[in-house]
Amino acid sequence: MLNYTNTITEEKSYPGLQMKEVKPIMKLIIRGKKREFLSAIGKSLNLLLPTESNTSSTSEKLSALWLSPDEWMIYSNEISKSDNNDYETEILLEKNISKTNLGAVTDVTDQFVMINIKGDKIFDLFETGCPFNFNDFRNKNGSVTQTILAKIDVIIHNQNKNEVNLFVRRSFSQHLFSWMNDSASRL
Amino acid sequence: MFIINCPYCGEREQSEFKAGGEAHIVRPKQPTELSDDQWAEYLFMRKNIKGIQFERWVHTHGCRKWFNVIRDTSNDMIKAVYKMGEKPPTK
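Protein sequences appear in the order of chains A and B.
Just so you know, we're using the working numbering here: the first sequence kicks off at 1 and counts up by one.
Just so you know, we're using the working numbering here: the second sequence kicks off at 1 and counts up by one.
Treat each hint with caution, since some may be false.
[Said to hold, decoys possible] Just a few of them, taken from the derived set where beta-carbon distance is under 10 Å, the chain A residues facing chain B:
1) L67
2) P69
3) D70
4) F132
5) T145
6) Q146
7) T147
8) I148
9) D153
These aren't lab readings, by the way, just hints derived from the structure by calculation.
All values derive from a computational prediction rather than experimental measurement.
Where is the CB? At the ideal position from N, CA and C, for every residue including glycine.
Let's have the full structure, built from the sequences with the hints guiding it.
In structure tokens form, the structure reads like this:
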């Protein structure tokens with residue numbers, strides 16, 4: 001991870017809600033259409049990419065989120081070392097995917113900020129500023145959506161019951177986090 | 001405000017999408033042989049009818065895919081949604 005002045009500095013707690021930034025987390029965007037691409041990813045990472053819309057798959061070390069029919073985000077389940085900017089997974093995929101022209105691999109570790117939200121009021125918070133219908137989403141572990149929250153593009157990964165990972169672009173993260181704090185304080 | 005059934009992501013609110021104008025406009029095969037009027041006709045002139053219209057939409061804040069929508073412009077009723085490159089459903 002690059003050396004940033006971090007905008008989200010502390011963990012915030014409200015009744016039924018805790019939010020904090022988790023870092024550094026490796027994040028990759030991978031794109032490809034061919035069947036060989038899917039099998040090459042599967043073999044390299046020991047992780048099958050989800051082909052059903054709005055779903056995810058998880059292995060011991062990585063999670064893969066469906067973003068679009070030919071686009072996925074892969075992120076590490078555990079935090080990596082903060083002084084390191086090379087990722088084993090990225091190097092492996094570069095070798096097996098990019099170099100063989102099967103698809104594209106882009107490191108977005110520093111582009112996205114991951115905010116981990118816990119508690120039973122997560123969806124009450126989202127409902128205050130999001131047009132997405134969370135009724136089915138909240139009951140299905142591993143569901144994924146790209147939508148807008150307070151007019152900001154976000155990717156939401158329903159990890160467990162009452163635990164959600166939210167990805168937002170770095171330049172929006174401070175504003176979104178302060179909006180979420182403001183909104184959470186009024187729930 | 002209305003709901004669009006994205007062919008990739010499912011039902012989403014209209015604010016996640018952007019409209020891309022009329023669909024199925026074919027680019028002239030030999031642009032150099034057209035007069036300025038004919039070129040302007042292709043480039044700018046759209047039907048903009050009140051009633052059933054074939055449109056392109058993009059799911060900007062979701063999967064970022066383009067697709068076609070048949071929409072009644074008078075009441076925003078969506079008659080059909082189909083992917084790019086597919087023929088419009090006949091009925």
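Outcome of the hint check:
1. L67: Holds - the Cβ of L67 (chain A) comes within 10 Å of chain B, reaching about 7 Å at its closest.
2. P69: holds (6 Å)
3. D70: holds (9 Å)
4. F132: Holds: closest Cβ of chain B sits about 7 Å from F132 (chain A), inside 10 Å.
5. T145: At 8 Å from the nearest chain B Cβ, T145 (chain A) passes the 10 Å test, so the hint holds.
6. Q146: At 5 Å from the nearest chain B Cβ, Q146 (chain A) passes the 10 Å test, so the hint holds.
7. T147: holds (6 Å)
8. I148: Nearest chain B Cβ about 5 Å off; hint holds.
9. D153: holds (5 Å)
Consistency note: the structure conflicts with none of the earlier hints.
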